[in-house]
Amino acid sequence: MTNVGDQVGKSIVHGPVLGTAAVGGSALATGNSPAVPNVFHFAQMTEMLVEFFGPLWFQHGQLAVRYLKPLKQGEELTAKANIVSQSDHDTQRLELEIWCENSGGELLASGTASCLWSS
Numbered sequence: 001m002t003n004v005g006d007q008v009g010k011s012i013v014h015g016p017v018l019g020t021a022a023v024g025g026s027a028l029a030t031g032n033s034p035a036v037p038n039v040f041h042f043a044q045m046t047e048m049l050v051e052f053f054g055p056l057w058f059q060h061g062q063l064a065v066r067y068l069k070p071l072k073q074g075e076e077l078t079a080k081a082n083i084v085s086q087s088d089h090d091t092q093r094l095e096l097e098i099w100c101e102n103s104g105g106e107l108l109a110s111g112t113a114s115c116l117w118s119s
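The numbering used here numbers the first residue of the sequence shown as 1 and each following residue consecutively.
Treat the hints loosely; a few may be bogus.
Unchecked claim - Quick list of the computed label-pair ranges, beta carbon to beta carbon:
#1 Leu68 x Ser118: 30 to 36 Å
#2 Phe58 x Gly104: 30 to 36 Å
#3 Leu107 x Gln59: 26 to 32 Å
#4 Gln59 x Pro34: 32 to 38 Å
#5 His60 x Glu97: 15 to 21 Å
#6 Ser11 x Glu106: 16 to 22 Å
#7 Pro37 x Gly105: 19 to 25 Å
#8 Pro55 x Gly9: 22 to 28 Å
FYI, nobody ran anything at the bench for these hints, they're computed from the structure. All C-beta atoms, glycine included, are put in the ideal place defined by N, C-alpha and C.
Full structure from sequences and hints, please.
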């Protein structure tokens, strides 16, 4: 694994992923389909973090997210993060700014994440 300090300033991306909600056919047929549940945003951000940090994410990862706008049925969502710093309290912990946006670049959710880079 590379040095923790070498990771600061890097960006990571997951997606785009097509948003779908499990609903009855009538809502889809009329075009009045619901918003995709916010858990979809969270799942895509978590998947991106697991891909980047590996198994360490499950023991040492932290994620705090604020949902700002729903993803509409059939829209694409992309999860993104910037590694902004090493923790002041634990030099092996990376701190990230994390967010999701739709294909139009609208911000749907934002927050922070952190995880140990090596144990």
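Okay, the hints, checked on the actual structure:
Between leucine 68 and serine 118 the Cβ separation comes to about 33 Å, which falls inside the hinted range of 30 to 36 Å. Checked against the given bound of 30 to 36 Å, the beta carbons of phenylalanine 58 and glycine 104, roughly 33 Å apart, stay inside it. Remark: the range hint 26 to 32 Å for leucine 107 to glutamine 59 is upheld by a beta-carbon distance near 30 Å. One distance hint, 32 to 38 Å for the beta-carbon pair glutamine 59 and proline 34, holds here, with the actual separation near 35 Å.
As the Cβ distance of histidine 60 to glutamate 97 is approximately 18 Å, the hint placing it in 15 to 21 Å holds. Judged by the Cβ atoms, the range 16 to 22 Å given for serine 11 and glutamate 106 holds: they are separated by roughly 19 Å. For the hinted restraint 19 to 25 Å between proline 37 and glycine 105, the CB-CB distance of approximately 22 Å keeps it satisfied. Between proline 55 and glycine 9, the C-beta spacing of about 24 Å keeps the proposed range 22 to 28 Å intact.
Consistency note: the structure conflicts with none of the earlier hints.
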